[in-house]
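A.B. asks: Respectively, the protein sequence lines represent chains D and E.
With this note's numbering applied, the first sequence covers 1 to 286.
With this note's numbering applied, the second sequence covers 1 to 478.
Just to be clear, a hint being listed does not mean it is correct.
As the list claims (entries may be wrong) - Cross-link-like lysine-lysine pairs, in silico, DSSO-like; alpha carbons within 30 Å at most:
#1 K125(D) with K209(D)
#2 K239(D) with K372(E)
#3 K41(D) with K299(E)
#4 K372(E) with K298(E)
#5 K223(E) with K284(E)
#6 K65(D) with K258(E)
#7 K65(D) with K469(E)
#8 K141(D) with K223(E)
#9 K206(E) with K41(D)
#10 K284(E) with K20(D)
#11 K201(D) with K365(E)
#12 K128(D) with K7(D)
#13 K158(E) with K41(D)
#14 K469(E) with K41(D)
#15 K41(D) with K284(E)
#16 K41(D) with K258(E)
#17 K469(E) with K223(E)
#18 K239(D) with K158(E)
#19 K239(D) with K206(E)
#20 K158(E) with K20(D)
#21 K31(E) with K41(D)
#22 K476(E) with K239(D)
#23 K201(D) with K258(E)
#24 K223(E) with K20(D)
In case anyone wonders, no lab produced these hints; they're calculated from the structure.
All of these numbers come straight from a predicted model, not from anything done at the bench.
If you want the building blocks of each chain, they are given just below.
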Amino acid sequence: MYEILTKEMLTPAICRMSVKAPRLAAAAQPGQFLIVRADEKGERIPLTISDYDAQQGSVTIVTQKIGASSADIIAFEPGESFADVVGPLGLPSEFVTMSPDELSRQRYILIAGGVGTAPVYPQAKWLKAHGVPVDVIIGAKTKDLLIYVEEMRSVCDNLFICTDDGSAGFKGMGTNMLEKVVADGHSYTQAVIIGPMIMMKFTTLTCRKLGIPAIVSLNTLMVDGTGMCGACRVSVGGKTRFACVEGPEFDGYEVDFDEAMRRQGQYRTEEAEANEKHVCKIGRGK
Amino acid sequence: MANRIPRVPVREQDPKVRATNFEEVCYGYNKEEALLEASRCLNCRNPRCMTACPVSLQIPRFIAQLAAGDIAGAAAVIAEDSSLPAVCGRVCPQETQCEGSCVLGVKGEPVAIGKLERFVADYSREAAGSSHDTVATSQAVPSGNTATLGTLRDGRKKVAVIGSGPAGLACASDLAKWGYDVTIFEALHKPGGVLEYGIPEFRLPKDKVLRHEIDAVRALGVKIETNVIVGRTITIDSLMDNEGFEAVFVGTGAGLPKFMNIPGENLNGVFSANEFLTRNNLMKAWREDYLTPIHAGKKVCVVGGGNVAMDAARTALRLGAEVHIVYRRTEAELPARREEVHHALQEGIIFDMLTNPIEVIGDEKGWVSALKCIRMELGEPDESGRRSPVPIPGSEFEIPTETVIMALGTSPNPLISRTTQGLETNRRGCLVADAAGATTRPGVFAGGDAVTGAATVILAMGAGRTAAKAIDAYLKGK
């Protein structure tokens with residue numbers, strides 16, 4: 001069993017938890033993800049790893065309430081345990097395997113959208129710790145949906161905040177923010193974009209326009225996460241790839257985002273039915 | 001002593017009824033039927049059935065015990081060589097192994113060895129009630145290696161087994177019986193490998209049958225750690241260097257699905273059989289009380305002709321779809337177990353033979369609307385001896401369908417070979433191992449689908465036992 005050590009609501013719909021999983025915490029690296037199954041009857045939910053502490057044997061996950069399964073995860077309280085937590089899954093970010101020489105030539109811009117801000121945090125932290133220049137853009141619809149602002153400030157050189165409605169930081173989307181940052185004289189060798197599929201699609205287009213290589217992290221459907229089911233297949237450069245074992249990070253220029261978005265919605269009808277029927281019992285009466 | 005009576009037929013659920021539920025298809029023999037069938041065995045001096053069995057089950061011996069009414073004795077004989085008799089009795093291709101070699105089969109019907117094995121296992125389990133420590137499995141020692149029992153009691157050597165499918169369970173059982181300290185590492189949240197995620201409930205009941213046999217392996221002292229992906233969570237190197245494991249058995253199976261690489265394969269509604277079956281079996285999508293979504297729709301085409309294709313087709317049927325099996329050769333070449341094909345036909349699965357898909361057609365929203373195929377004819381035999389199918393020019397046609405399930409076989413997962421130093425693979429991605437199971441890295445052994453590519457449960461078990469012997473010899477020589 002995997003005990004929940006801490007829990008806090010970052011927004012009314014976004015929850016941060018640290019969970020005991022010693023083997024996983026010891027192996028995790030930036031860019032990787034894990035799978036949680038809340039209880040015996042739950043789905044296997046892939047979640048990005050927002051932080052890991054090998055000493056304490058814990059990993060941090062950030063979950064947004066979107067359906068019955070994520071609602072079940074959020075319903076857990078410290079002291080209770082998830083049935084299963086497995087990982088780390090996927091390949092670590094490209095920079096983890098770079099030589100010091102290669103790293104010394106990099107200047108990163110990490111662009112985070114919504115709940116995708118959480119997995120950007122360990123990447124910025126790693127880059128900062130390795131002395132690589134790193135700036136971060138956090139974008140959200142509105143001020144109340146911004147997460148990880150203070151945490152991020154301590155692990156990057158420049159933090160740029162933007163909201164669609166202008167309630168915090170720059171008024172505009174991540175794409176507008178990026179254009180402004182570049183126009184202001186910042187230059188980058190590599191962008192990493194993590195957020196909703198549609199946001200990654202358009203931010204990649206902006207990167208292409210600005211001539212910045214872009215890596216995206218694809219949150220596809222998956223069951224096992226080890227290459228077995230093929231639900232996560234995506235077209236990258238015209239070839240079918242499995243996001244779970246060959247990703248989750250791919251060259252954004254090469255990803256067929258329209259196909260990826262369509263495939264993401266494959267079980268929407270079934271899930272809507274499940275959400276209607278589902279009455280969450282977890283954490284009640286304890 | 002053998003009776004000249006015909007093979008005792010086995011009772012099954014009515015095809016019309018079972019097509020709508022996930023209850024087990026075959027009821028198996030009752031005691032009376034089993035004893036009668038057992039009495040047909042000639043107890044040959046040179047038992048060809050036993051030679052044909054990949055785990056060398058002592059078939060005439062257990063049948064003789066059964067015929068004499070000693071069911072516990074029969075179970076003890078089986079347990080010497082197999083930890084999974086209730087599984088094997090249900091899923092082995094007996095017609096090409098034990099029963100295919102039975103002398104009675106020359107002029108008539110062979111002894112129903114599989115059904116007898118199943119009866120002995122089921123009867124013992126039910127007799128033992130809720131207790132997992134069954135009569136036989138807890139004390140039995142594998143035949144042919146009795147001398148080693150207890151020799152390692154002090155300072156027991158640690159062996160890691162990767163994968164809790166048939167190969168891993170068989171290997172771990174033998175090693176535990178010989179006194180080794182065995183830990184199985186399983187990537188999924190439940191042990192059993194393909195027995196859990198691949199084979200459907202209606203062929204192999206999970207809670208009633210599979211759980212019990214895995215618990216019996218645990219009762220031998222084998223530890224099972226789930227949610228550990230070797231190659232990600234830990235590595236073979238870390239197990240050997242940091243955790244004190246002196247030998248490792250890799251029984252990770254062949255888990256990666258193959259696709260056809262035809263246009264339209266990434267449309268919504270095209271699934272690998274692995275995904276479809278894992279959602280339904282491991283994740284229990286067929287049960288209302290589980291959250292797992294699954295999509296079958298009104299009409300499903302399953303591409304392929306093996307056991308996995310039959311399982312996917314019969315699962316889709318039970319979820320309410322009209323199901324077609326699309327296969328490029330004829331019924332005679334279907335690689336599936338005969339009983340599965342027979343059951344599928346009985347249940348109303350439609351077989352579109354000599355048909356090969358060339359494209360998946362989608363609608364404007366990106367969902368499957370049809371499977372475009374071409375008619376085939378059988379040409380010259382290929383290297384496997386089977387006549388290879390050749391397309392008939394100009395015979396393209398479309399089968400309207402909502403869902404396409406690809407059941408084209410699987411290949412080994414490269415996670416371990418890529419993360420372990422000195423472990424070689426061949427061109428097909430299978431681990432290179434000698435006949436005893438030794439890989440190219442000292443102390444690391446392998447067997448089952450990870451070495452051979454996709455095969456059967458029983459062959460994997462046989463390979464697991466062979467490797468157990470090699471591991472025992474290796475550790476004694478250390």
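A.B. asks: All the hints need checking, so say for each whether the structure fits it.
C.D. replies: Going through the hints against the structure:
Between K125(D) and K209(D) the alpha-carbon distance is near 28 Å, which keeps this suggested pair within the 30 Å criterion. Between K239(D) and K372(E) the CA atoms are separated by roughly 21 Å; this keeps the pair inside 30 Å, and the hint holds. Taking the CA atoms of K41(D) and K299(E), the gap is about 28 Å. The hint holds against a cut of 30 Å. At roughly 18 Å between alpha-carbon atoms, K372(E) and K298(E) fall within 30 Å of each other, so this suggested pair holds.
Taking the CA atoms of K223(E) and K284(E), the gap is near 25 Å; set against the 30 Å cutoff, the hint holds. For the hint linking K65(D) to K258(E), the alpha-carbon distance of about 34 Å lies beyond 30 Å, and the restraint is violated. Between K65(D) and K469(E) the alpha-carbon distance is near 52 Å, which puts this suggested pair outside the 30 Å criterion. The suggested pairing of K141(D) with K223(E) is violated, with an alpha-carbon distance near 49 Å, which exceeds 30 Å.
Taken as a hint, the K206(E) and K41(D) pair is honoured in the structure, with Cα atoms around 15 Å apart against an allowance of 30 Å. The straight-line distance between the Cα atoms of K284(E) and K20(D) is roughly 27 Å, inside the 30 Å bound, and the hint therefore holds. About 19 Å separates the Cα atoms of K201(D) and K365(E), which keeps this hinted pair within 30 Å; it holds. Pair hint K128(D) plus K7(D) holds up; C-alpha atoms about 26 Å apart against a cutoff of 30 Å.
Of the supplied pair hints, the one linking K158(E) and K41(D) is violated, its CA atoms being roughly 34 Å apart against a limit of 30 Å. At roughly 39 Å between alpha-carbon atoms, K469(E) and K41(D) are farther apart than 30 Å, so this suggested pair is violated. A threshold of 30 Å between alpha carbons decides the hint, and for K41(D) with K284(E) the separation of about 8 Å falls inside it, so the pair holds. Restraint check for K41(D) and K258(E): satisfied, since their Cα atoms lie roughly 29 Å apart, inside the 30 Å limit.
A hinted pair counts as satisfied when its Cα atoms are at most 30 Å apart, and K469(E) with K223(E) qualifies at roughly 19 Å. Distance hint between K239(D) and K158(E) is unfulfilled; the C-alpha atoms sit about 43 Å from each other, more than 30 Å. With a C-alpha separation of about 37 Å, the suggested pairing of K239(D) with K206(E) is violated against the 30 Å cut-off. For a cut-off of 30 Å, the pair hint linking K158(E) to K20(D) stands: about 26 Å separates their Cα positions.
A threshold of 30 Å between alpha carbons decides the hint, and for K31(E) with K41(D) the separation of about 36 Å lies outside it, so the pair is violated. With a C-alpha separation of about 49 Å, the suggested pairing of K476(E) with K239(D) is violated against the 30 Å cut-off. Distance restraint check for K201(D) and K258(E): the Cα-Cα separation of roughly 29 Å lies within the 30 Å cut-off, and the hinted pair is therefore satisfied. Proximity of K223(E) to K20(D) is assessed by CA-CA distance (about 21 Å); at most 30 Å being required, the pair is judged to hold.
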